[in-house]
Every structure is written in structure tokens, then in C-alpha cells.
Amino acid sequence: MNAPARYAVQGLLYAAFIAFVGYFANAPTYEPLAPGYALVRLSFSHGAQRKEPCRKRTAEELAKLPPNMRAPLDCPRERSSVIVELEMDGELLYRIVAPPTGLAGDGASTVYRRLTVKAGRHHFRARLSDNVKGEFNYAAERSIDLGAGRALLIDFNAGQGGFLFRM
Amino acid sequence: MYARSLLASQVTAGAPGGGAAAAALKGVERAFDRAFGGTANPLRHLGALGFFLFWVMAATGIYLFVFYDANVEGAYHSVERLMLKQPYAGGVIRSLHRYAADAFLLVAVLHLVRELVLGRFRGFRWFSWVSGVPLLWLMFASGVVGYWLAWDRLGQFVAIATTEWLDWLRIFGEPLARNFVAPESIGDRLFTLLLFIHIGIPLALLAGMYVHIQRISHADVYPARALACGVFTALLVLSLLKPAGAQGPADLASAPQTLGLDWFYLFIYPVMYWRSAGEAWALVIVVSLCFLALPLLPGRGREPIAQVSLANCNGCARCFADCPFGAIVMESRAGAAHGRPNAVVAADLCAGCGVCVGACPSATPFRSGETLVTGIDLPQRPINALREALEGMLASTVAPAPRLVVFGCDRGVRAETLAAPGISVFSLACVAVLPPAFVEYALRNGADGVVVATCGEECEYRQGARWTVARLTRRREPRLRANVPTERLRIVAAGRGQEALFGRALSEFHAALKRLPSARAAGLRPVARRSARRAG
Chain H
1 MNAPARYAVQ GLLYAAFIAF VGYFANAPTY EPLAPGYALV RLSFSHGAQR
51 KEPCRKRTAE ELAKLPPNMR APLDCPRERS SVIVELEMDG ELLYRIVAPP
101 TGLAGDGAST VYRRLTVKAG RHHFRARLSD NVKGEFNYAA ERSIDLGAGR
151 ALLIDFNAGQ GGFLFRM
Chain E
168 MYARSLLASQ VTAGAPGGGA AAAALKGVER AFDRAFGGTA NPLRHLGALG
218 FFLFWVMAAT GIYLFVFYDA NVEGAYHSVE RLMLKQPYAG GVIRSLHRYA
268 ADAFLLVAVL HLVRELVLGR FRGFRWFSWV SGVPLLWLMF ASGVVGYWLA
318 WDRLGQFVAI ATTEWLDWLR IFGEPLARNF VAPESIGDRL FTLLLFIHIG
368 IPLALLAGMY VHIQRISHAD VYPARALACG VFTALLVLSL LKPAGAQGPA
418 DLASAPQTLG LDWFYLFIYP VMYWRSAGEA WALVIVVSLC FLALPLLPGR
468 GREPIAQVSL ANCNGCARCF ADCPFGAIVM ESRAGAAHGR PNAVVAADLC
518 AGCGVCVGAC PSATPFRSGE TLVTGIDLPQ RPINALREAL EGMLASTVAP
568 APRLVVFGCD RGVRAETLAA PGISVFSLAC VAVLPPAFVE YALRNGADGV
618 VVATCGEECE YRQGARWTVA RLTRRREPRL RANVPTERLR IVAAGRGQEA
668 LFGRALSEFH AALKRLPSAR AAGLRPVARR SARRAG
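Residue numbers (the numbering used here), protein chains in the order written: chain H, 1 to 167; chain E, 168 to 703.
With the rest of the complex left out, here is chain H (with noise of 0.2 Å):
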């Protein structure tokens, strides 16, 4: 093959190599969200009611404990699963029991979950039990205008009176 040839097909080669490189470094798109849909995210981290109360401790059992673990109660550690339920339009979306993270089932329970709805305006009820009776003792509803590609976020914070729907 002759010098001209040679750079004619070097230039062949290498404008092939950029044209691979430079279409799948950007193409072909990808829609991780469908036109004409929404998306729900539910997440909170929400510490639930101790399975067993408080029980304050007699004196007898404080005499037993060295004096630096002498507190008067005692509180049992591990805490209730955490139960929500998100429906929409009156249908059940999703329902989830969330175990309390730790080795001793002590921490909080957390939840995240996304959901593909589709775009619209929808009426959402959550509910969610942190007992240990499964009793649902917060409970929320909201009608919201979710646009194509919008993202709900329904979080829970029960200092701030429990579930927050927030666009």
C-alpha cells in the first residue's frame, strides 16, 4: 500500500473510532421515565414505637445493678415494624412493612420506594402504623395535579405532624 493509500485509510479508521465513540457516548436516548407518566417517591426513615413500654425498675432490682447502671427505668429496645400503605385514586399502590434496622431492632425503620404513575390529577392516602398493635395512627390524604415528569415526594416526619406530600 502506497504513503497516500495508507493515510487515506488511517484517516478511514480513525473517523470510523470517533463516529463509534462520539454517537454511543450520547445516543440513542433513553427515557427512564415514559412520556405521559409521573413518578411517586415515598421515603422516610422513621423510628416506631418500642415494642414493650418503659417499666420502671423496683428498688431491689437498682441494688443489683452497679451504681453507674442504676437508671430507673427500663426500656426495652427493640421497636414495632413500621406499616404504610399508599393508595391512589381508592386502590392500594403499594404497602410495605418495614422492619427497624440494627442488630437489636432498635434503629429506625426506613423505607424508599419509587413509583411510575401516570401523569394527572390523583388523590393519594397514606397511612402508616408504627405500633405494635398494627393500629394505623397517622394517617394523610392529598389531591395533586402531577405533570408529565413531575416527582412527588411523600415523606414522614412525625415532629412535623406526620406525612408530607411535597412537588
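Hints are computed from structural coordinates only; laboratory data are not their basis. These numbers come from a predicted model, not from an experiment. One or more of the hints may lead you astray.
Just a sample of chain E residues kept apart from chain H, beta carbon distances all over 10 Å, derived [as the list claims (entries may be wrong)]:
1) 411
2) 425
3) 436
Coverage of chain E stretches by chain H, computed from C-beta distances (three or more under 8 Å per stretch; other residues unrestricted) [said to hold, decoys possible]:
4) 341-349
5) 399-405
Where a beta carbon is used, it is the ideal one built from N, C-alpha and C, also for glycine.
Put chain E on the given structure of chain H with help from the hints.
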């Protein structure tokens, strides 16, 4: 007859591996050779290209670092400002950084596929193979974090997808993805952390690349200037034609609907959302484990390793300098003949190629001993057997001049198919087994010309062809002596399957020799062959 049987046994013992895929790959590489030449052929220097692209990324990354604001508000805008205010400096440099990263991954994957197809993952090569697998993980991790830093819509998608993927492992107390549920959940320190990770992982990658090449000497880490310039120019043209753009600032209140995805680094996320995070983990873990387990596959069996004869090793360290796999070290040992450090062969590193034998000054056939014992030798194919076979062949050849002796390689061109009256062929474990003195020895003992068939750029043992050419052209010890007429020596680079090419070169050389006087008439006086001495 003795030489023929030696030849036959050698060919059987050293039959090269590789099937149709390897043959096809070599065909493509040879086609590239015609366009680029062997030294600038990108397919033959993928590892060196990887190193080059790493340095391109490092240099461009330092420039980007200067202008980057590592905080929530500034991350996107600093990148955008760079692209808009200095399109022909920062803009091009950012594009180069990104495209070099894509090209880096591409050449790494091609490098992996090439070594896989050529069967270079087992035996003494296991360490290089296994140490390369984690590098892929580090490359992906580094690339993924790089996309976070831009903090555009793609960065937002990558951040959330990555944390959702990691959360599947349930190794974090609280889901990492919760850090990206709302704008206020992200702190400026996150970007400082990401920046450090984006610097730290490439440093770890560089250290891994250094480890990766530890078991090979004279590693190919610098591509030829023509190749480096070609690749850099190509990436520069791409950066100018199609600058790497941003896809709008991140907005955690919305979910990206359409993204221009970098499929080189981010292909796993569509897989994850198509199937599940668990299946995406299963895919990458299974593929990684398969790669790691490949060296355990049964192979052809190891070649016996080189052995050192302390009594004949003078500690010159030429074998140490020439070993392609760093399998030889020089150590002081009791019983050494000259009291200097002697060669020691590391059994697990030795390929049994015999490149060291050709480097050994004591491997000259002119030595007077009844048996030629070298400082270092291959026990299964001692150099003495080659001398005996050569002597026997030259003594028994009655063909008219010019008489040719051909030294080839088991894994290279099938020179033995061209053996004919007057053409004697010797196939070696690697052509670099041949000490240059054998060329002179053949010419003095009846050969009119010597052909050395190297595998060129396809050398199975990396440096065999290179060292052979350097020794025979008197650029490397042991050199061919100055009194050997170079017109009687022809070095031909021809790989397996290029028998026709080799045949033409052989014919041309044969015709050229006919125009020369005989070797004896040219002043190459014969030496007393051992067979003759024995008879006397």
C-alpha cells in the same frame, strides 16, 4: 533424519492455540498493519493506548478542576460557564476529557477481548489477567462519579440510579437514595466528597495499572508517536465537531424523561430499570467472576521452565535483561562459578519461551565441549540438541548450492512446509532462542544463507522478534559478529498463515544467493564440526 525428528517433535510440542476467532483477529490486525504499520497499529498497542488516554484524562481533568465549583449551586453553572465562556479552551478540554474516558473504556474492553481470543489468560499470564478485572470496576466507578459532578439532568439520573442500585445491597443503615429526594437534602460537602472520589479512584486505577504490568518487563505503556498523535487528533476533532454538552440543571422535583446517555459507562442503569437492581448486580458479579475464573480453565499444560547451570552462568545478566516476563532475577548463590550474582528463574513467572537462552553468551555453538551446556537452557529442548541437529543436517545435505538454513518459531509461519532439498528448517520454541552465533556457525559449516523467520508484531512472547532482530542487526547483546556477511542473512517477519509471503521472501533470497560466491569462497572458513572431531 535426526534433524527431521527433532523438527517433528518440536512442532508437535509447541503447537499454538487459538481457533477461528484468533485467526480472524490476526487477519484484522494484519489488515491494520498495512494501513498503520506494526508499531502504530492501534489493535496491537491497546494497553499502551489505555495508558496514553489515562494521561489525556489526567491532564484535561486538572484544567477542569481549576474552574469547578464543588457545591450544589456552583457545580452545574461552573461547567456551563466553562463551556460558554471559553468554548475553544475549557469547552474543548471538557469534551476531550469525556471522550478520552469513553475511548479509554473502549480500548480496555478491546484489550480484554483480544487477550481472551488469543488465549492469554492462563498459565504464567494469570496474574496479568486477574489483576485487570478490578481495573474495569475502577474505570466504571470513576466514570460514573464524573457524571455526578456535572450535576445536570444526566448527573441527577446517574446519582439517583447509582444510589438505588447500591441500596439494593442493604449495607447502609439508611437508603442512600434518600439523599436525593429533595433539593435541601443535598449538601455542598457532597460535591467536595465526589470530587475527592473522582480524583482518588483514578489514582487507585493508576496504581492498579502499575500492578497489572508488574509481571511483564519492558511493558508497552507509551504508544508510538504516530499512534498517539492520531488518536489525540481524532479525539480533538470529535471534541470540536460535537462538544460534550450539558442536559439542563438538575431538578429533583422532576424526573428526567429523555436523556442522552453515555452507553459506554452507563449501560447498566437501563438494564437495572428494565429488569431489577438485583439482576443488574447479578449480571456484573457473574461476568466478573467468570473473568476471574478463566485462568482455572484447563489449558495446554505448562512448558517446562528454563534451568540455570551454575557452572556455566557467568552472571552477565543478559537473560535478566531480555526475559519478557521478568521471570529471572540475579542472586548470589553458593556454588556460583564466578562469585557474582547468578540468574535464578522464578518458576511461576517463566513462560518456557527460551528468549533467555538466545541471550546467554555461553550458548555459542563454537564452544569446544562435547556437549553444549549453557548458563541457562530449556530442559525439554536443550540448545545442544539444536547444535547436533544443525551439524547433522549440514553434514548430510548434498543438494547443490545455495543451501539454506531456516530458523523459525513453533507459533509463527509454518516454515517446515517449505523444506526442500537444500532448505533445512529448524523450528524453535521462540525464534529468540537462537543465539546469533548459530548463524555464523551454519554459514561456516556449509550453509550459503540463513533465514530467520520472526513472528514480527505477533510474537507470542512479546519481545522475541524484537530481541532477535536487535541481536542479529548488532544492536543488542549477544550481537552477530561483524565478520558475518549480512547479505547471507535474511530476517523475515511472517506470522502463522503467511506461508505464501514467507515463501516469496525465501525464493527471493535463494535467487540473491545464487549471484553470490559460496560462503567458503567469501572467507567464512569452516570450523571443525563435532561430528568430524569425533570421527577423527
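Give me the numbers of the hints this structure contradicts, sorted from smallest to largest.
-> Checked against the structure, the hints that fail are numbers 1, 2, 3, while the rest are satisfied.
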